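In the order they appear, the protein sequences are chains S and H.
The working numbering puts the first residue of the first sequence at 30, with every later residue one more than the last.
The working numbering puts the first residue of the second sequence at 266, with every later residue one more than the last.
Some clues are possibly wrong.
[Stated by the list, open to error] Now the in silico label distances, taken between C-beta atoms and shown as ranges: (1) S/A152 x H/G534: 54 to 60 Å; (2) S/D101 x H/P578: 20 to 26 Å; (3) H/S582 x S/G84: 31 to 37 Å; (4) S/R159 x H/I665: 23 to 29 Å; (5) S/R142 x H/S350: 48 to 54 Å; (6) S/R159 x H/V648: 41 to 47 Å; (7) S/D101 x H/V649: 43 to 49 Å; (8) H/S582 x S/R142: 49 to 55 Å; (9) H/V397 x S/Q83: 58 to 64 Å.
It should be emphasised that the hints constitute simulated quantities derived from the structure, not laboratory data.
Quick caveat: nothing in here was measured; it's all calculated off a predicted structure.
C-beta atoms are modelled at their ideal positions from N, C-alpha and C, and glycine is treated no differently.
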Amino acid sequence: MIFRRLAIAAVCAVLAAGLAGCSADASARSALSQSAGTAASTARSAGLVLGLDQGDRLLPSVMDTGLSDAADRLATEAQAVATMTATGGIGASRDRILADIRDAQDEVASAQRVSAAANTSAAALDRQRRTLDRLAQQLDAAAKRLEQQ
Amino acid sequence: MKGLFAVALGVLTAIGGFVDIGDLVTSSVVGSRFGLTLAWVLVLGTVGICLFAQMSGRVAAVSGRATFEIIRERLGARLAVANLSASFLINLLTLTAEIGGIALAMQLASSISPGLWFPVAAFAVWIVIWRVRFSILENVTGLLGLALVVFAVAVFFLHPDWSALGSQLLQQPSPHTDESPATYWYYAVALFGAAMTPYEVFFFSSGAIEEKWKPKDLAQSRVNVLVGFPLGAILSLSIAACAAIVLLPKGIAVTSLYETALPIAQAFGKIGLIVAILGFVAATFGASLEVTLSSGYTLAQFFGWPWGKFRRPAHASRFHAAMILSLVVALGILLTGVDPVQVTEISVVFSAIALPLTYLPILIVANDPKYMGDHVNGRVTNVVGLIFLGIILVASIAAIPLMIVTGAGA
Numbered sequence: 030m031i032f033r034r035l036a037i038a039a040v041c042a043v044l045a046a047g048l049a050g051c052s053a054d055a056s057a058r059s060a061l062s063q064s065a066g067t068a069a070s071t072a073r074s075a076g077l078v079l080g081l082d083q084g085d086r087l088l089p090s091v092m093d094t095g096l097s098d099a100a101d102r103l104a105t106e107a108q109a110v111a112t113m114t115a116t117g118g119i120g121a122s123r124d125r126i127l128a129d130i131r132d133a134q135d136e137v138a139s140a141q142r143v144s145a146a147a148n149t150s151a152a153a154l155d156r157q158r159r160t161l162d163r164l165a166q167q168l169d170a171a172a173k174r175l176e177q178q
Numbered sequence: 266m267k268g269l270f271a272v273a274l275g276v277l278t279a280i281g282g283f284v285d286i287g288d289l290v291t292s293s294v295v296g297s298r299f300g301l302t303l304a305w306v307l308v309l310g311t312v313g314i315c316l317f318a319q320m321s322g323r324v325a326a327v328s329g330r331a332t333f334e335i336i337r338e339r340l341g342a343r344l345a346v347a348n349l350s351a352s353f354l355i356n357l358l359t360l361t362a363e364i365g366g367i368a369l370a371m372q373l374a375s376s377i378s379p380g381l382w383f384p385v386a387a388f389a390v391w392i393v394i395w396r397v398r399f400s401i402l403e404n405v406t407g408l409l410g411l412a413l414v415v416f417a418v419a420v421f422f423l424h425p426d427w428s429a430l431g432s433q434l435l436q437q438p439s440p441h442t443d444e445s446p447a448t449y450w451y452y453a454v455a456l457f458g459a460a461m462t463p464y465e466v467f468f469f470s471s472g473a474i475e476e477k478w479k480p481k482d483l484a485q486s487r488v489n490v491l492v493g494f495p496l497g498a499i500l501s502l503s504i505a506a507c508a509a510i511v512l513l514p515k516g517i518a519v520t521s522l523y524e525t526a527l528p529i530a531q532a533f534g535k536i537g538l539i540v541a542i543l544g545f546v547a548a549t550f551g552a553s554l555e556v557t558l559s560s561g562y563t564l565a566q567f568f569g570w571p572w573g574k575f576r577r578p579a580h581a582s583r584f585h586a587a588m589i590l591s592l593v594v595a596l597g598i599l600l601t602g603v604d605p606v607q608v609t610e611i612s613v614v615f616s617a618i619a620l621p622l623t624y625l626p627i628l629i630v631a632n633d634p635k636y637m638g639d640h641v642n643g644r645v646t647n648v649v650g651l652i653f654l655g656i657i658l659v660a661s662i663a664a665i666p667l668m669i670v671t672g673a674g675a
């Protein structure tokens with residue numbers, strides 16, 4: 030009798046651990062997908078700011094605000110992703126997403142430097158805009174893959 | 266001629282004063298994430314605010330007393346305390362969001378960090394309330410708020426696909442988005458809360474006393490509300506439409522005030538941006554004045570203190586002290602480093618939660634012949650009012666579960 034109870038308890042414990050593992054996995058995937066989505070939106074927003082500035086349609090103060098806001102938000106997402114516990118396949122996704130977010134951070138920082146310089150290089154800003162759009166696409170695709178898993 | 270001018274001024278002020286930081290942020294967020302699929306909520310909220318604003322204005326004009334004074338007398342201290350607590354806390358949260366909104370708008374004009382603008386904005390609000398006449402502060406900020414018409418004009422200059430834009434009005438979550446139904450309904454509640462923010466009703470009711478309205482002024486008050494507010498709501502709809510045209514197809518979900526202005530830059534360039542930023546400053550500054558005054562009104566009317574801008578500050582010292590305290594608390598919250606946009610999003614949802622406590626007492630008082638005489642609500646007004654109370658109750662109950670399920674709309 031006691032063995033049967035112990036066996037049931039053991040099965041329950043294994044099931045609970047499995048469920049908790051699945052739940053932790055799903056939660057990590059959801060958080061990662063959300064961070065990737067937010068970073069993609071931020072990168073696109075920074076890209077739009079650069080595009081509008083190229084067309085001479087943006088006030089310098091709005092350009093500054095847009096780029097510094099994008100830098101802050103990307104830093105927040107990078108921090109969130111870097112401190113996320115993720116293993117296996119999710120771990121690899123996390124590393125790719127983190128690399129893309131850091132690349133986007135670098136592009137935004139570089140755009141801030143270029144726009145602050147006395148002679149703004151239109152070609153450099155255009156290249157940064159394209160890179161940000163490409164990174165946004167990669168981050169969006171990663172977010173969608175995680176959602177579908 | 267003078268009467269016509271007064272009506273036109275009242276309507277223009279109501280249009281310009283309709284939009285605040287809650288409308289700016291929520292409309293833009295909703296437009297960038299759901300297109301115009303939530304426009305019906307804006308229509309619903311506007312009908313609701315028109316209904317209850319004209320009701321509370323009528324109570325004030327007929328009885329010569331502000332709504333809060335009567336609520337305490339008519340419903341007793343216990344229910345009035347619940348009403349006061351809910352309204353005052355929501356006012357504080359809204360005031361925090363509005364002061365934050367001024368700072369964000371000033372950052373767009375100057376590149377200076379909003380943290381440095383918070384104290385300046387709070388001080389400017391206080392000094393204007395202290396020194397400037399009620400009619401001037403109301404009319405000037407309302408008229409400057411008309412600069413936001415730039416969003417309505419931009420909708421045409423952005424050359425949208427009108428049929429696609431029109432079809433969004435009839436759709437559930439837009440096909441461009443991957444948003445969940447829970448997130449859709451969370452933002453429906455937020456948009457409803459933003460349209461029906463309680464301070465607007467208290468300001469309207471107390472403003473009627475400040476401007477010494479009488480029953481003969483009821484027609485003008487109705488025109489201000491029934492023409493001015495819906496036209497003001499068109500500005501909110503235009504902000505959502507601009508975001509739906511420019512930001513939604515690019516996959517940019519608005520999280521900052523500068524993103525609200527990007528469609529204007531696309532449509533009109535720098536000149537348009539200057540007009541839009543002027544509109545942002547006027548809308549948030551005007552709303553800050555109204556919310557600060559509303560905080561003073563609610564406390565002073567509940568406790569029976571002398572109140573009103575028509576009195577010299579020395580004769581309404583506790584009313585002014587309550588406003589200063591509200592500004593200090595709002596400033597303290599902002600200085601902790603919270604994001605003003607997030608405060609705004611939370612304030613409109615909490616506003617929705619507190620709505621029944623604000624609007625039920627107004628409906629009860631507007632039906633009491635002791636205060637209203639022949640001007641009690643008609644049958645149609647009561648039926649519509651009860652339907653709205655039902656909607657308000659559902660929104661209020663659904664708000665917190667939706668907030669938890671969606672991670673505050675994340």
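Status of each hint after checking the structure:
{"no.": "1", "hint": "S/A152 x H/G534: 54 to 60 Å", "result": "violated (22 Å)"}
{"no.": "2", "hint": "S/D101 x H/P578: 20 to 26 Å", "result": "violated (41 Å)"}
{"no.": "3", "hint": "H/S582 x S/G84: 31 to 37 Å", "result": "violated (55 Å)"}
{"no.": "4", "hint": "S/R159 x H/I665: 23 to 29 Å", "result": "violated (44 Å)"}
{"no.": "5", "hint": "S/R142 x H/S350: 48 to 54 Å", "result": "holds (51 Å)"}
{"no.": "6", "hint": "S/R159 x H/V648: 41 to 47 Å", "result": "violated (59 Å)"}
{"no.": "7", "hint": "S/D101 x H/V649: 43 to 49 Å", "result": "holds (46 Å)"}
{"no.": "8", "hint": "H/S582 x S/R142: 49 to 55 Å", "result": "holds (54 Å)"}
{"no.": "9", "hint": "H/V397 x S/Q83: 58 to 64 Å", "result": "violated (43 Å)"}
Going through the hint list in order, the structure does not satisfy hints 1, 2, 3, 4, 6, 9.
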